[in-house]
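A.B. asks: One letter stands for each residue in the lines below.
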Amino acid sequence: MAESARDGILGILRGAARDRDEAAARAAVAERVKGHPRNLVPARGQDAGAKAVDRFIQMATASAATVEVVPNGARVPHAVADYLSAHNLPSRVRVGPDADLSALPWDRRPTLEVLYGPAAPDDLVSVTPALAAVAETGTLMTRSGPGHPTTLNFLPNTHIVVLPVERVVGSYEDAWDMLRAGFTEAAEFPRTVNFITGPSRTADIEQTPQLHAHGPGRLHILLVGDATAPQG
Amino acid sequence: MKSTAHAFPENVSAALRDPQLNKALAKFKAGFPQRRATAVAALPEFEALRDEGKRIKDHALAHLDLYLEMFEANVVARGGHVHWARTAAEAREIVLKLCRDAGARMVTKGKSMVSEEVGLNTALEAAGLEVVETDLGEYILQIRKEAPSHIIAPALHLSKEQVADDFRRIHTHLPHDRQLTEPADILTEARVLLRDKFLQADVGITGANFLIAETGSTVIVTNEGNGDLTQTLPKTHIVLTSIEKVVPTLEDVSTLLRLLARSATGQEFSTYTTFSTGPRRPGDLDGPEAFHVVLVDNGRSALLGTEMQEVLRCIRCGACMNHCPVYHAVGGHAYGWVYPGPIGAVVDPAILGIKEAGHLPNASTFCGKCESVCPVRIPLPKLMRHWREKEFEANLQPAWMRQGLKTWAWFAKRPALYGAGARVAMAALGLAGRRRGRFGMLPLAGGWTSQRDFPAPQGRTFQDLYASRKGRTHG
Ligand code: SF4
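Protein chains in written order, with numbering that gives the first Met the number 0: chain A, 0 to 231; chain B, 0 to 474.
Because the hints were derived from the structure by calculation, they are not lab data. Hints may contain errors.
Derived lysine-lysine pairs resembling DSBU-like cross-links, with alpha carbons at most 35 Å apart [stated by the list, open to error]:
1. Lys33(A) <-> Lys159(B)
2. Lys28(B) <-> Lys159(B)
3. Lys50(A) <-> Lys234(B)
Covered by chain B, per the in silico footprint, the following chain A stretches (three or more residues, Cβ under 8 Å) [claimed, not checked]:
4. 6 to 12
5. 17 to 26
6. 35 to 46
7. 79 to 90
8. 97 to 107
9. 196 to 204
Here the structure is a predicted model, which is why all the values come from computation and not from measurement. We put the beta carbon where it would ideally sit given N, CA and C, even for glycine.
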């Protein structure tokens, strides 16, 4: 039987590595993945607490997102409804059926229509949670799962993200630690992890930067809690 | 994609006579290097991160077999499939079969240079599938039936008027006299049109910027969000990528991501970085039901363990071409194949053969700019020189060039004579070129000066300077 492509390729790769100490090589690989040590984390990624929150707001704003701090979850429905009316958007949102978001007192804004589930093609606005917010570049981290379908991050024109201020971390590495901390036997690495930094954009026409390519044209972030209190 | 790398000299002449291209390149060479410089200046650790990036990729390449096996095992453990392709033809066959098995009629695609490399679209279309590129630049090129001219800014050579004409020609369902004067008009039209394609597609094909052994994840980096709609909405997600992209851990990929956007577009971070791991999970409300990764070799494994291995560190950021004076002068199409610029001059001969692509490593001024910006410190000029030597050994250069090099070699081996000769030549050139500081024309060097100016020597020869400096430090 002809050699499989897999065996052929791996055979060449092993041949090229024939001078290495095989036991040591395998041990090095296993150890690196098990320990997953951090490489250099820039100083600006090592902020924590109120400093990290400040940097997150500064960097996210620089990436053309908007950020609003609200004192508690009860204020979220009002912040969402006010944002919609300020942008002349219909009073209707598609919300990820996440336990925390579903528990918010949406009925305090009776004119706001709240639908749950993955994005439908004609949904204009989504509201989703995020697992973490990374200060170093103003980046949100979301993960897929029953309460947070991925389409909500991409199909609607406007994406509103709600997360507690305690989830603002300094670096991508901090965010991975948060994700790993939530792993269980049944649910570990999710199908999709998204890093989102500002609304979608393109510079494909004459190198002219333009917002709103295929993903949302607006990204609004609601940080819930006291942004000035020292955390962590 | 079919190569015209052998016709590089003719391609160059055509490029130099193309006013639209020259206009686009003037904007390009002012914009991209400036944006990178700004982003790099804002991150004091950038140079140290480049060292780390190099180290991570070197480690991954030294254990490539082991990390690929681990990556494969983790994809399979999460319900995905891994396919291996030795050649471009095998890669096309695998993807075509996966599309057929999925009962596909329509396929959307995120940007993938490996897909260009293996000529995937032609093969899928020949089999009767509708294939839609969804990156705005790639979509424009697809309707123009053109190849990308840059690895991250594929339609950089076009004007908005050209694109508007193409949209009027192809989108005949829209009123002919609609407004398409601004980039925003063009973008809006494309967004609306492609939205339907995303929703109708049966299969979504993306590339990958990185593969992660630890988790079995594939990673894409985009600004438009097209890759995410491509891979989230259809029932089947196929990732077409190549074997050198695997890195050990999430921490390692984080370091490389800090380098990628800053080097490529000068952004702090791209808008979307997406990690895909297997198909949708029980309880998930969306996402693909099937997940396939096609690992393409196509000449890469043969570079491992050779003096060319370092090129496998490449993360395809495009910084080398963004800073290359040759690319700035002729653009990407002149190179004649998928990868232009300095990285193309090193990679294309490896994949196409030195006979087809031998001109490319010769199209260099050896100014060293590419190496000075490469985030993973690939010594591109050294590797180009290596191809030149190979070409010389293989006797592929014209006789006059071989004779010239031999004469040079004879002098170079006799330092006293070489020094004297160089001093004479330099004094003469210095006198003759004093007024402008460079030459637009030089006898016997028409091959050089027909495309660029030759700087007039100022002062003493390198050997003289070196000797006097040595005297100063040690004497
Ligand atoms: S060779 Fe270096 S600079 Fe050029 S594309 Fe590759 S990583 Fe970027």
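A.B. asks: Now, for every hint given, state plainly whether the structure supports it.
C.D. replies: A quick look at each hint next to the structure:
no.	hint	verdict
1	Lys33(A) <-> Lys159(B)	51 Å, violated
2	Lys28(B) <-> Lys159(B)	19 Å, holds
3	Lys50(A) <-> Lys234(B)	43 Å, violated
4	6 to 12	holds (count 5)
5	17 to 26	holds (count 3)
6	35 to 46	holds (count 8)
7	79 to 90	violated (count 0)
8	97 to 107	violated (count 0)
9	196 to 204	holds (count 9)
The structure shown violates the earlier hints numbered 1, 3, 7, 8.
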